[in-house]
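Q: Sequence:
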Amino acid sequence: PTAGRLPQCLAAAGITPADIDEIYITHMHGDHLHGTVSPDGSAMFPHAVLRIAKNDLDYWGNPEVEAKAPDNQKARFIPAKRAMAAYGARIKPFTLGEQLTPGIQSVEAVGHTPGHSCYLVQSGSARLLAIGDTMHVAPVQFPRPEITVAFDWDQDKARDTRLSIFDRVVKESIPIAAVHLPFPGIGLLRKKGNEFVFDPAPWQLF
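Numbered per my numbering, the sequence shown spans residues 8 to 213.
Calculated directly from the structure, the hints in this document are not laboratory data. Think of the CB as a built atom: it goes at the ideal place given N, C-alpha and C, for glycine as much as any other residue. Don't take each hint at face value.
Stated by the list, open to error - Have a look at the derived ranges for each label pair, beta carbon to beta carbon:
{"hint": "1", "residue 1": "G48", "residue 2": "E202", "range": "41 to 47 Å"}
{"hint": "2", "residue 1": "E202", "residue 2": "L17", "range": "35 to 41 Å"}
{"hint": "3", "residue 1": "A20", "residue 2": "V177", "range": "29 to 35 Å"}
{"hint": "4", "residue 1": "A208", "residue 2": "T108", "range": "21 to 27 Å"}
{"hint": "5", "residue 1": "K61", "residue 2": "D38", "range": "19 to 25 Å"}
{"hint": "6", "residue 1": "D161", "residue 2": "P14", "range": "32 to 38 Å"}
{"hint": "7", "residue 1": "C16", "residue 2": "D65", "range": "30 to 36 Å"}
{"hint": "8", "residue 1": "Q80", "residue 2": "I154", "range": "20 to 26 Å"}
{"hint": "9", "residue 1": "A18", "residue 2": "A133", "range": "23 to 29 Å"}
{"hint": "10", "residue 1": "G48", "residue 2": "I193", "range": "28 to 34 Å"}
{"hint": "11", "residue 1": "K99", "residue 2": "S45", "range": "17 to 23 Å"}
{"hint": "12", "residue 1": "E202", "residue 2": "A20", "range": "33 to 39 Å"}
{"hint": "13", "residue 1": "G95", "residue 2": "R175", "range": "33 to 39 Å"}
{"hint": "14", "residue 1": "L195", "residue 2": "G95", "range": "24 to 30 Å"}
As the list claims (entries may be wrong) - Result set (PhoX-like, lysine-lysine): computed pairs, CA atoms no more than 20 Å apart in a straight line:
{"hint": "15", "residue 1": "K99", "residue 2": "K75"}
{"hint": "16", "residue 1": "K88", "residue 2": "K61"}
{"hint": "17", "residue 1": "K199", "residue 2": "K178"}
Make the full structure from the sequences, and use the hints.
A: Written out as structure tokens, the structure reads:
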């Protein structure tokens, strides 16, 4: 019930879909792609370029990989095909770790998918790491980051990536933003013994 509100939320901020020129995709799963395509199959953002890691694009856009996938996994390829059909040449792949624009760098975070990418956003000395699906279940994976989820493409790599990312943001005091966190979805990680603890950023309306 809380999904599908991106256009309304943009409008509330005074932004139209036509104002968006680049969209940074962490990976090509449906819950991270569906908002880019209208119900009729057209591009939701008529002028935008989609930036997607080449590793992910090569996997989810490969008919041979799809053909070899188990029947219960084939539906996972549909969002990628819809986005590729809608945006065509406006999909611009990048190499993991690449500086995409001043102030935004991709950070390799392979495991959940073959080309899963985090994004390090920097302005002056301020930094924020958008971690995508590096973590899914906060009450479980912050205290026990070694626990994986069944829909990770490679659970061992996903675990190693999560530990590496968590260690880095703690060491460097980088705030994280994650879509699978409760509102406001932004905060700092700290270490408590062998566990990680998430401290949400303070938020108030006024």
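Q: Now tell me if each hint is right for this structure.
A: Here is how each hint holds up against the structure:
{"no.": "1", "hint": "G48 to E202: 41 to 47 Å", "result": "holds, 45 Å"}
{"no.": "2", "hint": "E202 to L17: 35 to 41 Å", "result": "holds, 37 Å"}
{"no.": "3", "hint": "A20 to V177: 29 to 35 Å", "result": "holds, 32 Å"}
{"no.": "4", "hint": "A208 to T108: 21 to 27 Å", "result": "holds, 24 Å"}
{"no.": "5", "hint": "K61 to D38: 19 to 25 Å", "result": "holds, 21 Å"}
{"no.": "6", "hint": "D161 to P14: 32 to 38 Å", "result": "holds, 34 Å"}
{"no.": "7", "hint": "C16 to D65: 30 to 36 Å", "result": "holds, 32 Å"}
{"no.": "8", "hint": "Q80 to I154: 20 to 26 Å", "result": "holds, 21 Å"}
{"no.": "9", "hint": "A18 to A133: 23 to 29 Å", "result": "holds, 27 Å"}
{"no.": "10", "hint": "G48 to I193: 28 to 34 Å", "result": "holds, 33 Å"}
{"no.": "11", "hint": "K99 to S45: 17 to 23 Å", "result": "holds, 20 Å"}
{"no.": "12", "hint": "E202 to A20: 33 to 39 Å", "result": "holds, 36 Å"}
{"no.": "13", "hint": "G95 to R175: 33 to 39 Å", "result": "holds, 36 Å"}
{"no.": "14", "hint": "L195 to G95: 24 to 30 Å", "result": "violated, 40 Å"}
{"no.": "15", "hint": "K99 to K75", "result": "violated, 26 Å"}
{"no.": "16", "hint": "K88 to K61", "result": "holds, 15 Å"}
{"no.": "17", "hint": "K199 to K178", "result": "holds, 13 Å"}
Taken one by one, the earlier hints fail for this structure at numbers 14, 15, listed in ascending order.
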